[in-house]
Amino acid sequence: MVLVFVETPRGLLKKTAFEAVTYAKKTADLLGTSCVALTLGSVSNAGELGRYGASRVLNIPGDALDQLDGQVFSAAISEAVGKLEASVVILSHTSTGKTIAGRLAVRLNAGLISGASALPTVAGSALHIKKGVFSGKAVAEYEIKSAIKVISLMGNAVKPEVSADAVAVEPLSVTLTKSLIRVKATKTQEGVVPLSEAEIVVSAGRGMKDPSNWGIIEDLAATLGATTACSRPVADSDWRPHHEHVGQTGIAIRPNLYIAVGISGAIQHLAGVNSSKVIVVINKDPEAPFFKAADYGVVADLFDVVPRLNDAIKKFKAAN
Amino acid sequence: MKLLVCISQTPDTTAKISFNPEGTDFNAAGVQFIMNPYDEWYALVRACELRETLGGTVVALHVGTVANETTIRKALAIGADEAVRINRDPKSAADTAKQIATYAAAENFDIIFFGKETIDYNGSEVGAMVAEYLQLPYVSFASKLSLNGSTATMERDIEGGVEELEVDLPFVVSAAKGMAEQRIPNMRGIMTARTKPLTEIQPVDFEAPSTLVQFTLPPAKVGVKLIQPDDMDELVRLLHEEAKVI
Ligand SMILES: Cc1cc2nc3c(=O)[nH]c(=O)nc-3n(C[C@H](O)[C@H](O)[C@H](O)COP(=O)(O)OP(=O)(O)OC[C@H]3O[C@@H](n4cnc5c(N)ncnc54)[C@H](O)[C@@H]3O)c2cc1C
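So the protein lines, in turn, are chains A and B. -6 is the number of the first residue of the first sequence in the numbering used here; add one for each residue after it. 19 is the number of the first residue of the second sequence in the numbering used here; add one for each residue after it.
By construction, these hints were calculated from the structure, which means they are not laboratory data. All the pointers check out, no bait thrown in.
In silico BS3-like pairs for lysine-lysine, Cα to Cα no more than 27 Å straight-line: (1) B:Lys162 / A:Lys171; (2) A:Lys138 / A:Lys76; (3) A:Lys285 / B:Lys262; (4) A:Lys270 / B:Lys243; (5) A:Lys177 / B:Lys162; (6) B:Lys34 / A:Lys285; (7) A:Lys270 / B:Lys34; (8) A:Lys8 / A:Lys180; (9) B:Lys262 / A:Lys8; (10) A:Lys310 / B:Lys262; (11) B:Lys262 / A:Lys277; (12) A:Lys152 / B:Lys262; (13) A:Lys277 / B:Lys243; (14) A:Lys285 / B:Lys243; (15) A:Lys285 / B:Lys239.
All values reported here derive from a predicted model rather than from experimental measurement.
Please work from the sequences and hints to get the whole structure.
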């Protein structure tokens, strides 16, 4: 059986949840077994996970599970794995998943592949799994031989697919350990899709000249339903908040569409974005290195072309 | 205060990545290796700052062969008091974690630092694994860390936000941007690094539950399609019809 741990930040199901269940369902199909989803703490609408292929949706109740602690979570998940006799555990390669996956692998004596970019292939009792390595410059294929296998799934690696109906949520009881971490305050920005989950990202660099010029970037992002990002010098000079910084020392993302405006395309920047499916570069310098990594390019002054692109998209959206 | 900082090395981002013909081994010839930036800029520097204000020792630990001693000396030059190298070319995060946990289990460190991830494999696995072996709390992606007696106050990055929390010593932490500012080793640091203790210890046996099958290089981009600046309708058409992303 394939068990998928579905993370539910602040009790909500995010896109990563549907991706993880879709991936788990397809893995279960490959293995000729079923897919069961597991949620921890308070969650709304967990039964929805049935639509993405979970034949059962389980919930371990407990107020203590509303705050993230990898130690408590991995103990609870391992116990569920034992009770349900799961042979594969799937989770998301997010900040939550990363605090849990390593612990879980040690507890379960399991091989772990983190950041899987594609479905596994079955090789006897082993699984082969691919992930991007060296900042997207290569792909590595691994084999997991252990009896229990843990896989964390890279965001945007699979498209959520509805394949069945919602199911009723069943409670599961396990022994909960006490958390040694005391959470004092949580600050979140709701309403914006976090960069790690965004399908479309509009990113801008030093070519913007001044933070007061960002209106055209925000307008373009709003039209596209995109999340905004920026290059490192832009974040370093506090033109934009640090969480927008993408690249080798910021966050690595792989949206379907990355639009880079006034960014030169230094290798350290590309390291975080070159796994994007489609890259559009807007830069007035035809020699900017970013054009070599781009699918589509516009050599022009951004102040002129970004508003025009925004208008063209509005026109397209109105017509479709 | 006894602080452990686990450091790894990675190919420099600008390095050309290539493999042996079978794709089973990374071709290190001519590749410049650097200390993993998260380990160096944030974990190591913050540990040194804590030692400077509270006293104690910072031990830099590396699992790797003698070829990597330049990276270890750099950690000493930045400010670690002593270094330990576990003599093994680790083939997986699980192997590295097992080696580190075996060493640390006997040492009673107050804080074990990691960088949030390496920039070559981005697995973010080792810190969580070591924490589990040692049954210690693990705070991942911490962007702030201060100590008040035996209690640490931290901020950690979570999905779509930041969380402020407290945890008592001992614990394991992975350092993200914000925890400290990069330090360039000065001449004195580089000189004293040569005489600081660097101990080699032998690894324990470990059979990794997952192994590399093969590396492959992704197909090269076919080349950029340039669109006339006065024809943004054409770009929109391509994004919709050809790339199918809007
Ligand atoms: C160890 C290390 C780690 C790093 N990590 C990162 C990282 O994580 N992320 C990151 O982004 N960088 C990182 N950097 C920095 C990186 O090397 C580059 O310096 C940085 O990405 C450049 O940012 P930029 O493209 O915004 O600015 P610039 O390089 O200054 O480029 C600005 C671009 O805007 C164009 N432009 C200017 N005016 C206009 C206009 N009116 N219309 C159109 N185009 C215009 C210019 O032609 C130019 O190409 C790192 C560097 C090092 C050494």
